[in-house]
Amino acid sequence: MSTAVDFPHFVRANQVEALPPPNLARGPIAWIRENLFSGVWNTLLTLVVFYLLYISVPPLLKFLVIDAVWTGTDRAACRADTGGSEAGACWAFIWDKLNYFIYGSYTISERWRVNIFFALLAIGVVWLLWLKAPRRDLGAVYFFWVFPVVSYILLTGGNESFSGRFWIGFLIFGALVISLFAFLAALLKTSIRPALILGGGIVAVIGITLALVDLDFGLAHVPTSLWGGVLVTLLVATVGIVVSLPFGIVLALGRRSKLPIVRMASVIFIEFVRGVPLITVLIMANTMLPLFLPGDMTVDRLLRPLIGTALFASAYMAEVVRGGLQAMPKGQYEGAMSLGLNYPQMMSLIILPQALRIVIPGIVNTFIGLFKDTSLVAIVGIFDLVKTIEASRIDPAWAAPTIGITGYAFAALFYFVFCFSMSRYSLGVERRLAAGQKR
Amino acid sequence: MSAQHIPSAAIDPKAQPAIEMIDVHKWFGEFHVLRDINLNVKRGERIVICGPSGSGKSTMIRCINRLEEHQKGRIIVDGVELLDDLKRIDEVRRDVGMVFQHFNLFPHLTILENCTLAPIWVKKMPRKEAEEVAMHYLTRVKIPEQANKYPGQLSGGQQQRVAIARSLCMSPKIMLFDEPTSALDPEMVKEVLDTMVGLADEGMTMLCVTHEMGFARQVADRVIFMDYGQIVEMNTPEEFFKNPQHERTRLFLSQILH
Numbered sequence: 003m004s005t006a007v008d009f010p011h012f013v014r015a016n017q018v019e020a021l022p023p024p025n026l027a028r029g030p031i032a033w034i035r036e037n038l039f040s041g042v043w044n045t046l047l048t049l050v051v052f053y054l055l056y057i058s059v060p061p062l063l064k065f066l067v068i069d070a071v072w073t074g075t076d077r078a079a080c081r082a083d084t085g086g087s088e089a090g091a092c093w094a095f096i097w098d099k100l101n102y103f104i105y106g107s108y109t110i111s112e113r114w115r116v117n118i119f120f121a122l123l124a125i126g127v128v129w130l131l132w133l134k135a136p137r138r139d140l141g142a143v144y145f146f147w148v149f150p151v152v153s154y155i156l157l158t159g160g161n162e163s164f165s166g167r168f169w170i171g172f173l174i175f176g177a178l179v180i181s182l183f184a185f186l187a188a189l190l191k192t193s194i195r196p197a198l199i200l201g202g203g204i205v206a207v208i209g210i211t212l213a214l215v216d217l218d219f220g221l222a223h224v225p226t227s228l229w230g231g232v233l234v235t236l237l238v239a240t241v242g243i244v245v246s247l248p249f250g251i252v253l254a255l256g257r258r259s260k261l262p263i264v265r266m267a268s269v270i271f272i273e274f275v276r277g278v279p280l281i282t283v284l285i286m287a288n289t290m291l292p293l294f295l296p297g298d299m300t301v302d303r304l305l306r307p308l309i310g311t312a313l314f315a316s317a318y319m320a321e322v323v324r325g326g327l328q329a330m331p332k333g334q335y336e337g338a339m340s341l342g343l344n345y346p347q348m349m350s351l352i353i354l355p356q357a358l359r360i361v362i363p364g365i366v367n368t369f370i371g372l373f374k375d376t377s378l379v380a381i382v383g384i385f386d387l388v389k390t391i392e393a394s395r396i397d398p399a400w401a402a403p404t405i406g407i408t409g410y411a412f413a414a415l416f417y418f419v420f421c422f423s424m425s426r427y428s429l430g431v432e433r434r435l436a437a438g439q440k441r
Numbered sequence: 015m016s017a018q019h020i021p022s023a024a025i026d027p028k029a030q031p032a033i034e035m036i037d038v039h040k041w042f043g044e045f046h047v048l049r050d051i052n053l054n055v056k057r058g059e060r061i062v063i064c065g066p067s068g069s070g071k072s073t074m075i076r077c078i079n080r081l082e083e084h085q086k087g088r089i090i091v092d093g094v095e096l097l098d099d100l101k102r103i104d105e106v107r108r109d110v111g112m113v114f115q116h117f118n119l120f121p122h123l124t125i126l127e128n129c130t131l132a133p134i135w136v137k138k139m140p141r142k143e144a145e146e147v148a149m150h151y152l153t154r155v156k157i158p159e160q161a162n163k164y165p166g167q168l169s170g171g172q173q174q175r176v177a178i179a180r181s182l183c184m185s186p187k188i189m190l191f192d193e194p195t196s197a198l199d200p201e202m203v204k205e206v207l208d209t210m211v212g213l214a215d216e217g218m219t220m221l222c223v224t225h226e227m228g229f230a231r232q233v234a235d236r237v238i239f240m241d242y243g244q245i246v247e248m249n250t251p252e253e254f255f256k257n258p259q260h261e262r263t264r265l266f267l268s269q270i271l272h
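Those protein sequence lines, which keep their order, are chains A and B. Heads up: take any position in the first sequence, counting from 1, add 2, and you land on our numbering. Heads up: take any position in the second sequence, counting from 1, add 14, and you land on our numbering.
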């Protein structure tokens, strides 16, 4: 093909057709040379990494798999002095204690209820997270209303037997909520009817929920002090995740609000909760919450750390979401406002969908942190997975040198599987959203 | 398409002005950006606003749909005075379309969704009808085939035409243009201007901040020249270009017309 480089005068006569790119694929040896040994420094690094892998991976595999003890009924299998093997992990211990790790001390004859809870949770998670699932709007109703109510009845046994006084109190509360909505509508000068419908709907949902919880389904009562293991860990994590995202969004919007009282309240909450270690929040929730409540009112001892972790995660979530809100260009707000969208519409349709997408990595980071932080509820006497392992570790029937390490290895594996899946899922969502709308 | 979606300004016989600005002042902190703005825009009138950068021309038209708040004076849009009442501001914004320099399309929505969003949520129009209206206006700005793409996949000129269609879907009575061609590649300016000329020919009330003097000559009923937050000169385009009165106007025109 001729070029025009040397000529002062050039007019293109024929169009250059688009060609496929030249084949850049090369053999594995070329790839290795280019990526691992491309210079002195790189070669050195590669060798160091290989050496580190060599001294860490084989012993780990040897301990966890090759030399591990897989069967056995008590400590004899994992002790050298009784003819067992001490060189590897004692998986027989995990197998023997597995039910305790999953259910804690939950009444043995009622454990099928926990299994149903796990199944319902799995259905809800898949329904919401699988982006192509049918009727995801129903999935949201299921996950945020049906599932919690059913789980509560299943796990505790329901049959709360509310008194007549309680129901009268609820009626007064309902009337207050509805009038509050009407008042807000009048204050914001929007039409009253949708506000009334919204307020009435909220009261109705709460009422139906309470009535369901009040009903006697013939399930035996299982006090929360018996719950434990994976059940508690998943419960605390799920409640924390489900509460912290919406509450964090509200806090983030509050912090950017123009109304000084709303802004101040959000800032004080966020900064206070963030400025205090989770352990302190948990201990405060455990010991101080009852002090603030009227004398005859008690809060369940599992509910206290649940509230504590949820509020703690919300404060972090609020800051993550605020980062996303601040990254939104001003033009997006102006475009939405110029079309006549009001504030809730602008936020829910235009700003939040984009802002939240920007901060997916941060949101999932907070979720992962929260998931692992659930192990701290042990500090207030809740038997989560780590605490059940701790308790089993000192069981004399399984007294053997490798028991502790095996227990913690099991916990590490459990946490890793969940956290890694969250991380992978969020990467998938990011990729999918990025493919849909190239900027 | 039925006739009901054609902007009603053209057939509205009411004598009341579309926009009235009376002694409007605005400050950004200590900085006095708008000073003594008095302007009456008749229905169906097309006004081009020009002036050096920082002269307050964008701020002025952004006051008309309350993207900026004025601190003194009165602004009355289509008979509704702009006060602090949020509900009335939303009412005004519903009737006043705005096209921005940087398009401000919503990147997470398709072109069609960009156009149907406000009719569905603000006007409570059924989705199907909103989509018909959107396709009507997308056809008018000559990009119906892009309806299911995302804004990021379109050229600048196409995006700006989508932005115009998005505003038209609300059947506005007044259209504000804030330097609609300034961020475009030279090759794309004409397609956007053609769309705007078409709109002007249909009798839309338009306020347009632009430096496209050819456009001003072709469609404007009045040209306004602003400097230091004030209206310095206002005249018909013929007189404005042929016979500028104010010293500052003459200097400005000599800078931009070669």
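Check the hints yourself; a few may be wrong.
Derived PhoX-like pairs: lysine-lysine, alpha-carbon spacing no greater than 25 Å straight-line [said to hold, decoys possible]:
| # | chain 1 | residue 1 | chain 2 | residue 2 |
| --- | --- | --- | --- | --- |
| 1 | A | 389 | A | 374 |
| 2 | A | 134 | B | 137 |
| 3 | B | 101 | A | 332 |
| 4 | B | 101 | B | 86 |
| 5 | A | 134 | B | 142 |
| 6 | B | 156 | B | 101 |
| 7 | B | 156 | B | 142 |
| 8 | A | 332 | B | 142 |
| 9 | B | 86 | B | 137 |
| 10 | A | 260 | B | 163 |
| 11 | B | 142 | B | 163 |
| 12 | B | 163 | B | 204 |
| 13 | B | 86 | B | 138 |
| 14 | A | 260 | A | 374 |
| 15 | B | 86 | B | 56 |
| 16 | A | 260 | B | 86 |
Simulated from the structure, these hints should not be mistaken for lab results.
Each hint, compared with the structure:
1. A/389 to A/374: 13 Å, holds
2. A/134 to B/137: 30 Å, violated
3. B/101 to A/332: Given that 25 Å is the threshold and the Cα spacing comes to 22 Å, the pair holds.
4. B/101 to B/86: 21 Å, holds
5. A/134 to B/142: At roughly 23 Å apart (the allowed maximum being 25 Å), residue 142 of chain B and residue 134 of chain A satisfy the hint.
6. B/156 to B/101: 34 Å, violated
7. B/156 to B/142: Holds, at roughly 21 Å.
8. A/332 to B/142: Not satisfied, since the Cα-Cα distance of roughly 31 Å exceeds 25 Å.
9. B/86 to B/137: 31 Å, violated
10. A/260 to B/163: With Cα atoms ~36 Å apart, residue 260 of chain A and residue 163 of chain B exceed 25 Å; violated.
11. B/142 to B/163: 19 Å, holds
12. B/163 to B/204: Holds - the C-alpha atoms of residue 204 of chain B and residue 163 of chain B are around 23 Å apart, at most 25 Å.
13. B/86 to B/138: Judged against 25 Å, a Cα distance of about 35 Å means the pair is violated.
14. A/260 to A/374: 36 Å, violated
15. B/86 to B/56: Judged against 25 Å, a Cα distance of about 22 Å means the pair holds.
16. A/260 to B/86: Distance ~21 Å between residue 260 of chain A and residue 86 of chain B Cα, so the pair holds.
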